[in-house]
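Visitor: Chains as they are written, first to last, in the working numbering: chain A, 1 to 217; chain B, 1 to 217.
Don't take every hint at face value.
Identical chains blur together in the list; that is why a pair holds if it fits in one copy or across any two.
[Unchecked claim] Below, in silico cross-link-like pairs of lysine to aspartate or glutamate (EDC-like), each with a Cα-Cα straight-line distance of 16 Å or less:
hint : residue 1 : residue 2
1    : K29       : E67
2    : K92       : E204
3    : K153      : E137
4    : K203      : E56
5    : K29       : E167
6    : K153      : D76
7    : K2        : D127
8    : K66       : E190
9    : K195      : E140
10   : K181      : E44
11   : K203      : E67
12   : K115      : E67
13   : K153      : E180
14   : K170      : D77
15   : K47       : D117
16   : K70       : E217
17   : K195      : D117
18   : K70       : E155
19   : K70       : E167
Treat the hints as calculated values from the structure; they're not laboratory data.
Number of protein chains: 2
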Amino acid sequence: MKTVLIYSGGMDSTVLLYDLLFNRGHEVKCLSINYGQRHSVELEHAKAICQELGVEHRIADLTSLKEFLKGSSQTDDSVEVPEGHYAEESMKLTIVPNRNMLMLAVAAAWAISIKADAIAYAPHAGDHAIYPDCRPEFTEALSQAIALADWHKVELIRPFIGMTKGEVAKLGVTLNVPFEKTWSCYKGGEVHCGKCGTCVERKEALAEAGNDPTVYE
Amino acid sequence: MKTVLIYSGGMDSTVLLYDLLFNRGHEVKCLSINYGQRHSVELEHAKAICQELGVEHRIADLTSLKEFLKGSSQTDDSVEVPEGHYAEESMKLTIVPNRNMLMLAVAAAWAISIKADAIAYAPHAGDHAIYPDCRPEFTEALSQAIALADWHKVELIRPFIGMTKGEVAKLGVTLNVPFEKTWSCYKGGEVHCGKCGTCVERKEALAEAGNDPTVYE
Numbered sequence: 001m002k003t004v005l006i007y008s009g010g011m012d013s014t015v016l017l018y019d020l021l022f023n024r025g026h027e028v029k030c031l032s033i034n035y036g037q038r039h040s041v042e043l044e045h046a047k048a049i050c051q052e053l054g055v056e057h058r059i060a061d062l063t064s065l066k067e068f069l070k071g072s073s074q075t076d077d078s079v080e081v082p083e084g085h086y087a088e089e090s091m092k093l094t095i096v097p098n099r100n101m102l103m104l105a106v107a108a109a110w111a112i113s114i115k116a117d118a119i120a121y122a123p124h125a126g127d128h129a130i131y132p133d134c135r136p137e138f139t140e141a142l143s144q145a146i147a148l149a150d151w152h153k154v155e156l157i158r159p160f161i162g163m164t165k166g167e168v169a170k171l172g173v174t175l176n177v178p179f180e181k182t183w184s185c186y187k188g189g190e191v192h193c194g195k196c197g198t199c200v201e202r203k204e205a206l207a208e209a210g211n212d213p214t215v216y217e
Numbered sequence: 001m002k003t004v005l006i007y008s009g010g011m012d013s014t015v016l017l018y019d020l021l022f023n024r025g026h027e028v029k030c031l032s033i034n035y036g037q038r039h040s041v042e043l044e045h046a047k048a049i050c051q052e053l054g055v056e057h058r059i060a061d062l063t064s065l066k067e068f069l070k071g072s073s074q075t076d077d078s079v080e081v082p083e084g085h086y087a088e089e090s091m092k093l094t095i096v097p098n099r100n101m102l103m104l105a106v107a108a109a110w111a112i113s114i115k116a117d118a119i120a121y122a123p124h125a126g127d128h129a130i131y132p133d134c135r136p137e138f139t140e141a142l143s144q145a146i147a148l149a150d151w152h153k154v155e156l157i158r159p160f161i162g163m164t165k166g167e168v169a170k171l172g173v174t175l176n177v178p179f180e181k182t183w184s185c186y187k188g189g190e191v192h193c194g195k196c197g198t199c200v201e202r203k204e205a206l207a208e209a210g211n212d213p214t215v216y217e
């Protein structure tokens, strides 16, 4: 099975990469998206992990779309990254307008071009409270649209949609995922800040899995 | 009602622009997409028509995605533009992988950013035979995904989905659409070639409406 994975270099999509390669035996091609994110350092992490695994990795450059993605702390320099727990209302500032549909649309174009069987991506159950485009009903509708977008049918795989981030981390431990090489922090500094929503969430999940090699500020 | 229109500068989306402005009273913002199309001359036509109407017009630059859009005569220089009638099998060469989802994803991002109420685009009944991503079931699934993509809900409007291109042309005549300023030809030369699928289709539709000011080669 040939699969295009939307790959950020973060912990969830890295666990999914390992899961597809070593549990499911897929032929995986990784796609990262540069949408002008503040934490573009994640792209370097994605590249390095793919290189080590010998997996094809491409970066789609959507930085020219910045003018259409206003109002998010992740793409708009005038908006600061909020700190605190992910469940807090302020965390909605990190939403990038329609980010997941943009990423999935590029992945689907590539998958159709190379006649891949599937696209995989890694939203999990904890994402839904903040991110509307991680909700199961969104991914379900988009999955139908992707299947109908071409005469060649491509499936959308979301194996973690019903799992918590802690469960994803535990799966990663069984697969020997090198979490120290993954990147989560939304601030995109030298090391993980440990305070932004995605750092707090990462810390909790890796603690739950009993394995956190991350260096926090 | 504030609406983002996916606007190519072709005859169908120009009729829709006039329809939204003068029949429906929408506040319209036009979005054209530069996906590296062979007939990028259409973008100049789009710009000129918007300028004349005093309508905001933006061009999203997706030319960096060319490597993900292989195999189409419209984005791949190694594939020639087929001539003949639109219904012919060869016309499938003009399909750009996942083009409509890409365009709609950018439009939705912009619509969400500016809190627009709707996105409009202009596929018609004649498009379905060739283009999988003009099928009503595709646009229906994507419309659901767009409505769920953000906490701010955006509607997808496709008023021509049940109309033939001849009917769209007739509506344009009642709205005094300046068809001579619109561009259809897939070859993107100095004047319309009159032989490619989209020229043949344009000629038939405008003849049906009794008004064809186009200069053909």
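Visitor: Does each hint fit the structure? Answer for all of them.
Guide: Hint-by-hint comparison with the structure:
no., hint, in the structure
1, K29 to E67, "between (29 Å within a copy, 14 Å between copies)"
2, K92 to E204, "neither (20 Å within a copy, 50 Å between copies)"
3, K153 to E137, "between (20 Å within a copy, 14 Å between copies)"
4, K203 to E56, "neither (29 Å within a copy, 46 Å between copies)"
5, K29 to E167, "neither (24 Å within a copy, 44 Å between copies)"
6, K153 to D76, "neither (36 Å within a copy, 21 Å between copies)"
7, K2 to D127, "neither (27 Å within a copy, 30 Å between copies)"
8, K66 to E190, "neither (24 Å within a copy, 33 Å between copies)"
9, K195 to E140, "neither (32 Å within a copy, 41 Å between copies)"
10, K181 to E44, "within (10 Å within a copy, 47 Å between copies)"
11, K203 to E67, "neither (33 Å within a copy, 37 Å between copies)"
12, K115 to E67, "between (32 Å within a copy, 14 Å between copies)"
13, K153 to E180, "neither (37 Å within a copy, 38 Å between copies)"
14, K170 to D77, "neither (35 Å within a copy, 48 Å between copies)"
15, K47 to D117, "neither (23 Å within a copy, 39 Å between copies)"
16, K70 to E217, "neither (29 Å within a copy, 44 Å between copies)"
17, K195 to D117, "neither (39 Å within a copy, 36 Å between copies)"
18, K70 to E155, "neither (31 Å within a copy, 20 Å between copies)"
19, K70 to E167, "neither (33 Å within a copy, 38 Å between copies)"
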